[in-house]
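J.: Dock chain P against chain G, hints included.
2 protein chains.
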Amino acid sequence: MKKGCKFGTHRVIEPKGTLPQPATKIDNNMEIYDNEILIDVQTLNVDSASFTQIKEEAGGDIEKIKEIMKGIVESRGKHQNPVTGSGGMLIGTVEKIGPALEGKTDLKVGDKIATLVSLSLTPLRIDEIVEVRKDIDQVDINGKAILFESGIYAVLPSDIPENLALSVLDVAGAPAQTAKLVKPGDTVLVIGGAGKSGMLCLYEAKKRVGVTGTVICLGYSEKSIERVKALGLADHYIVGDATNAVDVMNRVSELTDGKMADITINNVNVPNTEMGSILATKDDGTIYFFSMATSFTKAALGAEGVGRDSNMIMGNGYTKGHAEIALQIMRENEELRKVYEELYA
Amino acid sequence: MKKGCKFGTHRVIEPKGTLPQPATKIDNNMEIYDNEILIDVQTLNVDSASFTQIKEEAGGDIEKIKEIMKGIVESRGKHQNPVTGSGGMLIGTVEKIGPALEGKTDLKVGDKIATLVSLSLTPLRIDEIVEVRKDIDQVDINGKAILFESGIYAVLPSDIPENLALSVLDVAGAPAQTAKLVKPGDTVLVIGGAGKSGMLCLYEAKKRVGVTGTVICLGYSEKSIERVKALGLADHYIVGDATNAVDVMNRVSELTDGKMADITINNVNVPNTEMGSILATKDDGTIYFFSMATSFTKAALGAEGVGRDSNMIMGNGYTKGHAEIALQIMRENEELRKVYEELYA
Numbered sequence: 001m002k003k004g005c006k007f008g009t010h011r012v013i014e015p016k017g018t019l020p021q022p023a024t025k026i027d028n029n030m031e032i033y034d035n036e037i038l039i040d041v042q043t044l045n046v047d048s049a050s051f052t053q054i055k056e057e058a059g060g061d062i063e064k065i066k067e068i069m070k071g072i073v074e075s076r077g078k079h080q081n082p083v084t085g086s087g088g089m090l091i092g093t094v095e096k097i098g099p100a101l102e103g104k105t106d107l108k109v110g111d112k113i114a115t116l117v118s119l120s121l122t123p124l125r126i127d128e129i130v131e132v133r134k135d136i137d138q139v140d141i142n143g144k145a146i147l148f149e150s151g152i153y154a155v156l157p158s159d160i161p162e163n164l165a166l167s168v169l170d171v172a173g174a175p176a177q178t179a180k181l182v183k184p185g186d187t188v189l190v191i192g193g194a195g196k197s198g199m200l201c202l203y204e205a206k207k208r209v210g211v212t213g214t215v216i217c218l219g220y221s222e223k224s225i226e227r228v229k230a231l232g233l234a235d236h237y238i239v240g241d242a243t244n245a246v247d248v249m250n251r252v253s254e255l256t257d258g259k260m261a262d263i264t265i266n267n268v269n270v271p272n273t274e275m276g277s278i279l280a281t282k283d284d285g286t287i288y289f290f291s292m293a294t295s296f297t298k299a300a301l302g303a304e305g306v307g308r309d310s311n312m313i314m315g316n317g318y319t320k321g322h323a324e325i326a327l328q329i330m331r332e333n334e335e336l337r338k339v340y341e342e343l344y345a
Numbered sequence: 001m002k003k004g005c006k007f008g009t010h011r012v013i014e015p016k017g018t019l020p021q022p023a024t025k026i027d028n029n030m031e032i033y034d035n036e037i038l039i040d041v042q043t044l045n046v047d048s049a050s051f052t053q054i055k056e057e058a059g060g061d062i063e064k065i066k067e068i069m070k071g072i073v074e075s076r077g078k079h080q081n082p083v084t085g086s087g088g089m090l091i092g093t094v095e096k097i098g099p100a101l102e103g104k105t106d107l108k109v110g111d112k113i114a115t116l117v118s119l120s121l122t123p124l125r126i127d128e129i130v131e132v133r134k135d136i137d138q139v140d141i142n143g144k145a146i147l148f149e150s151g152i153y154a155v156l157p158s159d160i161p162e163n164l165a166l167s168v169l170d171v172a173g174a175p176a177q178t179a180k181l182v183k184p185g186d187t188v189l190v191i192g193g194a195g196k197s198g199m200l201c202l203y204e205a206k207k208r209v210g211v212t213g214t215v216i217c218l219g220y221s222e223k224s225i226e227r228v229k230a231l232g233l234a235d236h237y238i239v240g241d242a243t244n245a246v247d248v249m250n251r252v253s254e255l256t257d258g259k260m261a262d263i264t265i266n267n268v269n270v271p272n273t274e275m276g277s278i279l280a281t282k283d284d285g286t287i288y289f290f291s292m293a294t295s296f297t298k299a300a301l302g303a304e305g306v307g308r309d310s311n312m313i314m315g316n317g318y319t320k321g322h323a324e325i326a327l328q329i330m331r332e333n334e335e336l337r338k339v340y341e342e343l344y345a
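Chains as they are written, first to last, in full-length UniProt numbering: chain G, 1 to 345; chain P, 1 to 345.
For reference, chain G alone in the conformation it holds in the complex (with noise of 0.2 angstroms):
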């Protein structure tokens, strides 16, 4: 058997020397290495933007879609979007286990377990497309994928539903860098609030800041907004275009008294929100970009083209107990978690 590289170097078809994600093709063989685990896929979470980009080259057409995601894998081994650069993540069952692995991992044969690293670094192999869920971005499959030796994962829990944990852990690092950032009395923004992730964050945000603290949800659609307001998710609601940055800072101004926000989260699916989020931000404030849409030179120049003096965090998907952290809220809030079950599982 293959002795593989912990981060599967192993894999990387081309350009040689590079890891697996910025790889434009890796083997996508499932012999098994002697440090990988083989899994039998059985739905793929596609990452939110990258799914967008493909229901709307698709022009929301079944068919096109199965056609794009068998074309991606076909030429790059992997799930990657040529377009957003993004994957998502998927579940299975556990196949095989490599043993150079034995003792180092507790997973066993028959476990049924959530990838926590993206698509865009997995090998995969589609056989067959069976369902596209695409309100949900969710595709079940007949296939098989590779999880790397670095490769983070979860073994599902008992008490949640498969379909529900997919939907949660697919943005678990979004709530749980959240919880991570916000302080006590901090006047947090959260765009694109009403969203997937949007909510988590806007769940955690509540609960750090405090009452001393404020939270306020920005979303383009009136009805996901009445949906976030029901469930009182946050103290201000706005109905806005994230991409008109003038009326985002108005917007916010407003709201804070011309103080704006301490604390920006990210989470929208589109491109041109970065120059939005660093004008509804104190100068010196945080602005944690969490959408795979963003654009890094746009943030880059666009904080100092309007001289400020923004700390822009890159969101990170992976954060120490990031997969606990965002399971719990379901467990925490039952109203938010029947939202999730309508709307993502």
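None of these hints come from the bench; they were simulated from the model. Hints are all accurate, no fakes.
Put simply, identical chains are the same to the list, so a pair is met inside one copy or across any two.
DMTMM-like cross-link-like pairs, simulated, lysine to aspartate or glutamate; straight-line CA separation at most 25 angstroms: (1) Lys25 / Asp247; (2) Lys259 / Glu149; (3) Lys320 / Asp186; (4) Lys207 / Glu324; (5) Lys6 / Glu95; (6) Lys183 / Asp284; (7) Lys6 / Asp309; (8) Lys320 / Glu332; (9) Lys3 / Glu14; (10) Lys338 / Glu226; (11) Lys180 / Asp283; (12) Lys104 / Asp257; (13) Lys16 / Asp241; (14) Lys16 / Glu222; (15) Lys2 / Glu14; (16) Lys180 / Asp309; (17) Lys2 / Asp106; (18) Lys183 / Asp235; (19) Lys104 / Asp309; (20) Lys183 / Asp309; (21) Lys16 / Asp27; (22) Lys223 / Glu56; (23) Lys196 / Glu324; (24) Lys180 / Asp284; (25) Lys134 / Glu342; (26) Lys183 / Asp283; (27) Lys320 / Glu102.
No experiment lies behind these values; they were computed from the predicted model shown.
T.: Just chain P now, kept in the frame of chain G:
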């Protein structure tokens, strides 16, 4: 006289509702609005990532470089490289000041200034390209530019020659952010440490880590590393390829006995150095991405992909006092100033 928006939104042609930086086309008519400053431009200092791309596209040919630069400004109304998204800065003389700025600005007609906002949002007209100094990314032109009310600038100091000041101010954010970030005792890795912004970062890092800290410089070419070594800017030097993530990790591991860097500052103007930065940094360390070639998704998904809890910050070209901090280095370190004059002025 027409009234302008503080951020210059009145100049945006498309897409409407955005700010000048993300806009694909802005109005470069040189009749000023009431809150604008007209600048008679002398020199453009093109962003390093942008100029590298332009030089490559032109195959190094001066006339072709001129043609590409003129083409960019014709189509966008600003010098924003469509491939890298980045701009640069300029020096010139204040020619007109809008009446709405009276009492708000300390500038007067005739002042020689460097604009510290990016060319990627600055209305620019090029009448003639006089000289291309392709080794130092500087281009002398006849032309005009507009500074918006929110635009930052520095009046050029009398004790530092213009071209030297321009080169230093172009990268002023990097050493200033380094100064803010680095603490005594830290292990700091500067990737691209032998370059224009890298050397200034090394200098600030070395000053801040003190005797209990360690500064490591990674550069691509042996020659440039020799230069930095002669200046004594770091404690350790690595000649290596920053795109080879695993090699970078191993080399830093060796130098730090496996402890890795607390803070990594990435100044390299080539793509695909995100993973090297992540793997060279401690699990809970900070990575400051200053390179305009940074990909948001590669960094965000890359950290998640290897299960790293990294704090990844997007380089902000502006922070309070950045011009003063950067220029001061030229006064404090005569040897470094000499190298800077030789290479970039």
